[in-house]
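Each protein sequence line maps, in turn, to chains W and D.
All residue numbers for the first sequence refer to the working numbering, where the first residue is 950 and numbers rise by one.
All residue numbers for the second sequence refer to the working numbering, where the first residue is 11 and numbers rise by one.
Hint data in this document are derived by calculation from the structure and do not stem from the laboratory.
All values derive from a computational prediction rather than experimental measurement.
Interface residues of chain W toward chain D, partial, derived using beta-carbon atoms under 8 Å:
#, residue
1, Leu992
2, Ser1152
3, Ile1214
All C-beta atoms, glycine included, are put in the ideal place defined by N, C-alpha and C.
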Amino acid sequence: MKELIVISGKGGTGKTSITASFAMLAHRPVVADSDVDASDLHLVLSPKVREKHIFMSGHQAKIMEEVCCNCGVCLPVCRFGAILPPSPGDGNDTCRIDPTACEGCGACVHACPMDVIEFPERQCGEWMISDTVCGPMVHARLGVAVENSGKLVTTVRQQARRIAEEGDHPIIIVDGPPGIGCPVIASITGASHVLIVTEPSVSGEHDMERVLNLTRHFAIPTSVCVNKWDINAEMSERIEERAREAGAQVVSRIRYDPSVTWAQIQQRTVIETDSPCAEDIRRVWKELALQ
Amino acid sequence: MILAVASGKGGTGKTSISVNLARVLGFPVQLLDCDVEEPNAHLFLRGALIGEEEINIAVPEIDATACSACDDCVNFCQFNALASFCSTPLVFPELCHGCGGCTLVCPRDAIREVDFRIGTIKTFVDQNITLKSGCLDVGVSLASALVNSVKSCLDKGVTAILDAPPGTACPAVATLRNVDFVVLVTDPTPFGLHDLKLAVDTVRELQLPFGVVINRVGIGDDRVTRFCTEENIPVLLEIPDDRRIAEAYSRGELIVEMLPEYRACFERLWQAITREAAKGGAR
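Take the sequences, apply the hints, and build the full model.
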């Protein structure tokens, strides 16, 4: 079973539109969206949710305000600025935890001499298994201002693998997140192939080089595709050169095509429309030779 | 004024708006690139690199001669950064969040903390702009710790613009926490609208005043505008879809310098921000 992850470094290069098209082109894929804090793939593939699961991960400190004696021992212990000192003016007579800043480390829980800091498990979002015209889809939604996006990504990929194994699906196609940090690392470790979709700009070039370093760091076979290449042909050339030097496979370019947005508005994948760039995307899929 | 420029969706124009706005202000401004995974603001400035600082977090180092292999630290660590093998625990610094909890729980004081590098902060100066650019080391996952280090460079008396990472997860939240006003940048597409709604949920959760900039107006439909009207969110600026902007951006050029007719746009944006910030903006 193969697993293709589509990432970009820079956001907004066209990952999701291209991934959705691949999902349509692939033979019996399982589709997954590991961009858990700003997922968009479902807007095009219109999944019908079959199962929904709550995602619990890590813990969160919570001061029992009615019994806290305000000794302040916890204040200097927290390195994340998550403990707010009392501010009687606002009606807060005891120390409180800012849940958006709490890292869930438990240092304050250990330090509290009165044992009045609770440490419940934290609900960080939800994940779903759905049906789409292309096949089963695993997707998720991270809660607002919570931690653990990497673990939610890992859950999404594990579920996609399970479904692929059980249903004998030959390929998993994953729409990945932007960046190079925790959710990206969780998205690509152990994948069989990564496609980096970039754009011909100084930012696209800079970000592709960083994300290429990451895929090299994890020794994952990587292809690079320049989307909207005709915005700056010279830069497209330069990016492809850099990608080759770094040992990546360079696949065909995709032209800038305003009708990609119209496909989005009609909730269809680009290859289902008469967008001129549909043939470019088909060519890229063929060149990836994953099936 | 500490202003953050954020978005749910990537590639909507956060960096473009941050750098161009910083330039038209004319007075000294700090620009903080908090998109530490993929910092880009420096690509649009021509100024000199005047400094680079390594950023570390404190990770445990265990003195094997003092350790009794009680595993208290292993059991305490929420991030699996310590692993037990029936002897002195092994440390996995790349999993450590630097909370220092293991040093607190160790009954034999066998743990001291050592530096583990997560990235750098570079300082550039270009005319009125002092840029602090956070850059996460490749392979490191602790983006929000570096964001907090970048924010600790803030000089309170000087206007600051924070270029946020995309999304609504920890690094974006770390950027937004305690700013005075948030500009959410979106494009008028279904993806843009969907991710704008997530970003709006996030700034509301953080109880921050905010307004919206709609970029590339003309490429999609009017649902973003309708959403803002329904939710009483001020639209601070609309930038038309103009291929010349995309081309200037692709070369690393400032819109306000290459296409001076857009200068007034960014000046109006600043007026709108200060006006809305004074009113408290949408919340």
